[in-house]
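Generate coordinates for the entire structure from the input sequences, incorporating the hints supplied.
As given, the protein sequences belong to chains U and P, one line each in that order.
Under our numbering, the first residue of the first sequence carries the number -18, and numbering increases by one thereafter.
Under our numbering, the first residue of the second sequence carries the number -18, and numbering increases by one thereafter.
Don't read these hints as lab results, they were simulated from the structure.
Note that CB positions come from ideal geometry on N, CA and C, so glycine has one too.
Among these hints, one or two may not hold up.
[As the list claims (entries may be wrong)] With a straight-line Cα cutoff of 20 Å, these simulated SDA-like cross-link-like pairs (lysine to any residue) come out:
{"no.": "1", "chain 1": "P", "residue 1": "Lys181", "chain 2": "U", "residue 2": "Leu83"}
{"no.": "2", "chain 1": "P", "residue 1": "Lys181", "chain 2": "U", "residue 2": "Tyr(-2)"}
{"no.": "3", "chain 1": "U", "residue 1": "Lys93", "chain 2": "U", "residue 2": "Leu118"}
[Stated by the list, open to error] Pulled a few chain U residues facing chain P out of the computed Cβ check, cut under 8 Å:
{"no.": "4", "residue": "Gly(-7)"}
{"no.": "5", "residue": "Arg88"}
{"no.": "6", "residue": "Asp128"}
{"no.": "7", "residue": "Ile129"}
Number of protein chains: 2
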Amino acid sequence: METKEISQAVVGRLPRYLRYLGELRDEGVERISSQELSERMQVTASQIRQDFNNFGGFGQQGYGYNVEYLYEEISKILGLDRKHDFVIIGAGNLGRALGNYLNFERRGFIFKGIFDIDPQLVGEKVRGVEVMPIEELENFLEQNPIDIAVLTIPKTSAVDTVDILVKKGIRAIWNFAHVDLNVPEGILVENVHLSDSLMKLSYNLSRRMKEQTKG
Amino acid sequence: METKEISQAVVGRLPRYLRYLGELRDEGVERISSQELSERMQVTASQIRQDFNNFGGFGQQGYGYNVEYLYEEISKILGLDRKHDFVIIGAGNLGRALGNYLNFERRGFIFKGIFDIDPQLVGEKVRGVEVMPIEELENFLEQNPIDIAVLTIPKTSAVDTVDILVKKGIRAIWNFAHVDLNVPEGILVENVHLSDSLMKLSYNLSRRMKEQTKG
Chain U
-18 METKEISQAV VGRLPRYLRY LGELRDEGVE RISSQELSER MQVTASQIRQ DFNNFGGFGQ
42 QGYGYNVEYL YEEISKILGL DRKHDFVIIG AGNLGRALGN YLNFERRGFI FKGIFDIDPQ
102 LVGEKVRGVE VMPIEELENF LEQNPIDIAV LTIPKTSAVD TVDILVKKGI RAIWNFAHVD
162 LNVPEGILVE NVHLSDSLMK LSYNLSRRMK EQTKG
Chain P
-18 METKEISQAV VGRLPRYLRY LGELRDEGVE RISSQELSER MQVTASQIRQ DFNNFGGFGQ
42 QGYGYNVEYL YEEISKILGL DRKHDFVIIG AGNLGRALGN YLNFERRGFI FKGIFDIDPQ
102 LVGEKVRGVE VMPIEELENF LEQNPIDIAV LTIPKTSAVD TVDILVKKGI RAIWNFAHVD
162 LNVPEGILVE NVHLSDSLMK LSYNLSRRMK EQTKG
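Right under this line is the structure:
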């Protein structure tokens, strides 16, 4: 069942399932029907069944899914049973926020290094890890097998940095720079464009204001 | 044309159009065909035309769209021609990062206040704005008309804070807390679940590793 290509829309919904299942587990719930999960998550039960069928359905029997089993299975599908080492490029507030985020470590994402172009930030510590000068990035990547690079730098520097990352064989980039990165096929990029998200909010807000003015 | 309900998928793509149009404008490009825009953005020209048709098509004539006009029109649609005042709840690294982000101000999002539960953070300054104790939030919202509250606090405190925000008539919440907020209809919520995004990356990374092991 693992060989089938799963759509990114389905993949994008898995972390939310995992979050709800984690809450259910913490509440001591052992089994849950797709109907109950549907009400809790405010998605249709048929959507849930369809999503889960991509992975063989997770053996729903009689009165529902086994919460613990489902939680573990989805964790594995998401690759959370493996360790992923990451570095952060950019030790500004956002970079430091991500370095300090303990939940990542619980999920197997291990914070290995942080780099900045600003000499004043070099040597500062983020959760015990010293900020290194960006000039050392290349050498660091040669010495340490890193899976994921997190980019929290302005878009102008992002382009140059990506060249180094690609050259040194990084596999995945979590990109917070406000630019679409141009990477060779085979390198994964997941974008978090914060401004885009804020603009979506602004669109809906403005639209509502206009409706109220009309009404 | 403004009365039609536009799908959130289309709305979600508008900021990216705006970004590319801004770059084109900065490069001095005056007109662009949907074909050229398509190549640059790596989406199909028919997708672009379909998206734009939701807003009347933006008068493409002969050899393409007027870049400046299109940029201004999409800005207006996104509500970026209005000012939106916002407060940040949570003065940790992420809250401070968002408070310091100057691009938001250029887009009309005005940073008006920041609050934290930690007395040690109170009085610190984020871009000239003093961190206030969370107890003052209610009073502050009574005195100041705020459109958007940005939540950069843990999920346990998020729920209580949302009650205050709702009571004081906030219209929109930009939520970074790792929980789906329960708000009355009419209040807009835009979620940024950073862990979910990282897990999507992890899924694709693990999948690729498995494929390589097989090959």
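So, going through the hints one by one against the coordinates:
{"no.": "1", "hint": "Lys181(P) x Leu83(U)", "verdict": "holds (18 Å)"}
{"no.": "2", "hint": "Lys181(P) x Tyr(-2)(U)", "verdict": "holds (13 Å)"}
{"no.": "3", "hint": "Lys93(U) x Leu118(U)", "verdict": "holds (12 Å)"}
{"no.": "4", "hint": "Gly(-7)", "verdict": "holds (6 Å)"}
{"no.": "5", "hint": "Arg88", "verdict": "holds (7 Å)"}
{"no.": "6", "hint": "Asp128", "verdict": "holds (6 Å)"}
{"no.": "7", "hint": "Ile129", "verdict": "holds (7 Å)"}
When held up to the earlier numbered hints, the structure conflicts with none and fits them all.
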